[in-house]
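*Asks:* Protein chains in written order, with the numbering used here: chain A, 1 to 300; chain B, 1 to 304.
Worth flagging that the hints you see were computed from the coordinates, not collected in a lab. Careful, some of the hints might be misleading.
[Unchecked claim] With a straight-line Cα cutoff of 16 angstroms, these simulated EDC-like cross-link-like pairs (lysine to aspartate or glutamate) come out:
#1 K73(B) <-> E271(B)
#2 K56(A) <-> E268(A)
#3 K180(A) <-> E268(A)
#4 K197(A) <-> E59(B)
#5 K197(A) <-> E111(A)
#6 K20(B) <-> D114(A)
#7 K180(A) <-> D114(A)
#8 K180(A) <-> E111(A)
#9 K23(B) <-> E110(A)
#10 K76(A) <-> E268(A)
#11 K198(B) <-> E33(A)
#12 K197(A) <-> E110(A)
#13 K116(B) <-> D178(B)
#14 K20(B) <-> E33(A)
#15 K73(B) <-> E59(B)
#16 K197(A) <-> E185(A)
#17 K121(A) <-> E111(A)
#18 K65(B) <-> E271(B)
#19 K23(B) <-> E111(A)
#20 K23(B) <-> D114(A)
#21 K77(A) <-> D65(A)
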Amino acid sequence: MKGTYVEMENNISGSKNSSSNLKSRKLLSKVFEGFFFLAIAFGILMLVLLLTNVLKAGLGWLSLDFITSLPSRFPKKAGIYSALIGSIWVMGLTFLFSFPLGVGTAIYLEEYSDKKKWFNKMLQINIANLAGVPSIVYGILGLAVFVRLLAFERSILSGALTLALLILPVIIVSSQEALKAVPNELRHGSYALGVSKWLTITGVVLPYAMPGILTGTILAMSRAMGEAAPLIIVGAAGYIAFLPKSIMDSFTVLPIQIFNWTSRPQDEFQNIAAAGIIVLIALLLTANATAIFLRNKYEK
Amino acid sequence: MEKSKRGPDKHITRMHFQEKLVKTILQAFSAVSIFVTIGIVATLLWETLAFLREVSIFEFLFTTKWTPTLAPKHFGVLPIVVGTLMIALLSSIVSIPVGLGSAIYLSEFAPVRVRKIVKPILEILAGIPSIVYGFFALNFITPFLKGIFPQIEVFNALSAAIAVGIMTMPMVASLSEDAMRAVPKALREGAYALGATKLEVALNVVLPAAISNVISSFVLAISRAIGETMIVAIAAGANSTLTFNPLHSIQTMTGYMVNISMGDIQHGSVEYKTVFAVGLLLFLMTLLMNILARHIVSKYREEY
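Work out the full structure, taking the sequences as your base and the hints as a guide.
*Replies:* Written as structure tokens, this is what we have:
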């Protein structure tokens with residue numbers, strides 16, 4: 001804190017000279033407060049502009065028909081059904097893969113591992129690095145490993161595995177936070193009753209940490225739901241006029257369908273893209289609201 | 001605990017076995033994340049090496065023509081690297097001042113009520129998918145910019161960069177605010193007691209104390225901007241000639257990868273391999289920035 005201390009002294013010696021400059025210093029403070037407020041107002045304004053822009057372009061095109069129709073070359077007939085169903089398939093599988101793996105890893109790191117050992121330190125650093133890898137790079141991994149090497153082709157399975165790896169670090173880190181927040185007294189109490197370590201974890205620690213784990217998982221899932229880039233690399237199609245029947249079928253998801261419409265020059269396609277965005281944002285907001293509700297309900 | 005009929009020893013042996021088994025399984029789970037890293041590095045390296053057997057590393061890194069799909073094919077990656085850096089730089093002009101200003105306001109000036117409303121709004125802003133920002137850039141920011149710069153192209157770097165800046169701003173704001181709020185109250189009160197104004201406390205006491213995390217949040221925002229894909233794929237265009245003009249259409253590394261993946265590329269072709277070579281370059285750039293960010297935090301952390 002040395003530097004700060006010297007700077008503080010400078011301030012004081014500056015203000016000692018005269019009390020008359022206090023007024024101007026206070027004014028300066030107010031002016032800058034205004035600037036800082038403008039920064040935050042800019043953020044809020046952008047959110048408002050973004051939402052009104054999307055609603056204005058898309059609301060008129062949003063209807064039950066839009067949700068229950070397959071895509072079409074004609075914007076008036078086009079719908080989002082196959083993308084919606086595709087998203088549900090992919091998200092379901094992504095959850096199945098990433099949740100046990102993520103929570104299991106977090107349990108190992110928090111409850112079992114000796115944090116001083118180099119292997120476990122490396123694990124932790126590795127997870128932090130993975131969280132910073134751009135999503136498109138996971139797409140390349142998915143293309144090389146799932147699509148080609150394991151020959152899952154451009155299927156729902158390949159897409160879901162790719163997204164599962166993408167959100168794995170997020171689930172691990174948030175689950176670790178939730179496990180760290182469990183008071184040690186609870187563990188000790190359980191051990192004192194002679195309960196084994198694993199039963200203590202499943203019976204005492206996990207139930208206590210579950211709201212936190214679920215909140216983190218929901219946020220991670222909603223991130224995966226909005227991802228388009230890795231799935232484009234994996235080879236999700238922009239135009240799917242049928243519903244998937246198995247996890248080996250080709251697929252599209254909401255963000256890719258939206259991207260497909262956005263990249264067409266006609267105005268009407270921009271409008272249905274906006275309608276698709278409204279559906280996507282509505283789903284994400286519902287998920288986030290659930291996460292916040294969970295957090296508030298159990299975090300007492 | 002009830003004793004097993006086979007005697008306590010056997011029961012405990014079985015319990016020990018079970019415990020060990022669980023630990024081994026969980027350890028195996030955690031090894032997956034190691035395999036992910038190995039997988040990423042191995043696949044990127046493998047195909048890049050194959051690529052470099054067909055194209056010299058000198059042509060790839062130091063020439064300025066990038067036309068992998070058009071004859072005559074050129075593989076100079078610089079134009080799309082410049083495109084990427086342009087987006088990163090321009091977006092940080094939006095994200096850093098606005099993010100830092102928001103953080104200072106929230107941490108030092110805002111009444112509790114305002115904070116309670118504004119923080120969730122920033123969280124919402126951070127949770128909006130990048131595809132939506134891409135739509136916003138194309139349908140709102142670009143027409144808006146056209147009013148200021150009539151010569152601007154429909155697809156241009158500036159509009160995409162502004163959208164990327166808006167997207168990464170909440171990250172700067174929330175990481176910086178966390179760091180500033182972690183500065184102990186006593187430091188602030190000491191400064192107030194000496195007659196400092198709010199601004200002086202914020203800029204001369206709190207900000208220097210939190211500076212390591214604040215700067216690392218800047219680096220992370222730039223790293224995010226480098227890896228950002230859908231906004232630039234929608235709004236920045238697909239012009240891979242070298243340009244430094246932000247009003248022109250450009251192509252970024254990520255934008256290139258999306259464009260080529262939308263088309264039908266032959267597995268094993270040189271175009272297919274470019275995706276990995278460009279991907280490796282992107283991976284290294286972001287990895288470097290993330291390591292730098294962590295280094296700044298650990299090296300310049302203030303202890304209080």
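*Asks:* Does each hint fit the structure? Answer for all of them.
*Replies:* Hint check:
For the hint linking K73(B) to E271(B), the alpha-carbon distance of about 10 angstroms falls within 16 angstroms, and the restraint holds. Simply put, K56(A) and E268(A) have alpha-carbon atoms about 13 angstroms apart, close enough for the 16 angstroms limit, and the pair holds. Using a Cα cut-off of 16 angstroms, the hinted pair K180(A) and E268(A) is violated, with the two alpha carbons roughly 51 angstroms apart. As the CA atoms of K197(A) and E59(B) are separated by approximately 59 angstroms, the hinted pair breaks the 16 angstroms bound.
Under the criterion of a C-alpha separation no larger than 16 angstroms, the hint pairing K197(A) with E111(A) is consistent with the structure, at around 9 angstroms. The straight-line distance between the Cα atoms of K20(B) and D114(A) is roughly 15 angstroms, inside the 16 angstroms bound, and the hint therefore holds. A distance of roughly 15 angstroms separates the Cα atoms of K180(A) and D114(A); the hinted pair therefore holds under the 16 angstroms criterion. A hinted pair counts as satisfied when its Cα atoms are at most 16 angstroms apart, and K180(A) with E111(A) qualifies at roughly 9 angstroms.
For the proposed pair K23(B) and E110(A), the alpha carbon gap of about 12 angstroms is at most 16 angstroms, so the pair holds. For the hint linking K76(A) to E268(A), the alpha-carbon distance of about 8 angstroms falls within 16 angstroms, and the restraint holds. Between K198(B) and E33(A) the CA atoms are separated by roughly 9 angstroms; this keeps the pair inside 16 angstroms, and the hint holds. A C-alpha spacing of about 13 angstroms is found between K197(A) and E110(A), which places the hinted pair at or below 16 angstroms, so the restraint holds.
Straight-line distance between C-alpha atoms of K116(B) and D178(B) comes to about 14 angstroms, which keeps the hinted pair within the 16 angstroms bound. As the CA atoms of K20(B) and E33(A) are separated by approximately 58 angstroms, the hinted pair breaks the 16 angstroms bound. About 11 angstroms separates the Cα atoms of K73(B) and E59(B), which keeps this hinted pair within 16 angstroms; it holds. This hinted pair checks out: K197(A) and E185(A) have alpha carbons roughly 14 angstroms apart, not beyond 16 angstroms.
Distance check on the hinted pair: K121(A) and E111(A) sit about 14 angstroms apart at the alpha-carbon level, within 16 angstroms; holds. Of the supplied pair hints, the one linking K65(B) and E271(B) holds, its CA atoms being roughly 15 angstroms apart against a limit of 16 angstroms. Only pairs whose Cα atoms come within 16 angstroms are accepted, and K23(B) paired with E111(A) is accepted, the gap being roughly 10 angstroms. Of the supplied pair hints, the one linking K23(B) and D114(A) holds, its CA atoms being roughly 12 angstroms apart against a limit of 16 angstroms.
Pair hint K77(A) plus D65(A) holds up; C-alpha atoms about 8 angstroms apart against a cutoff of 16 angstroms.
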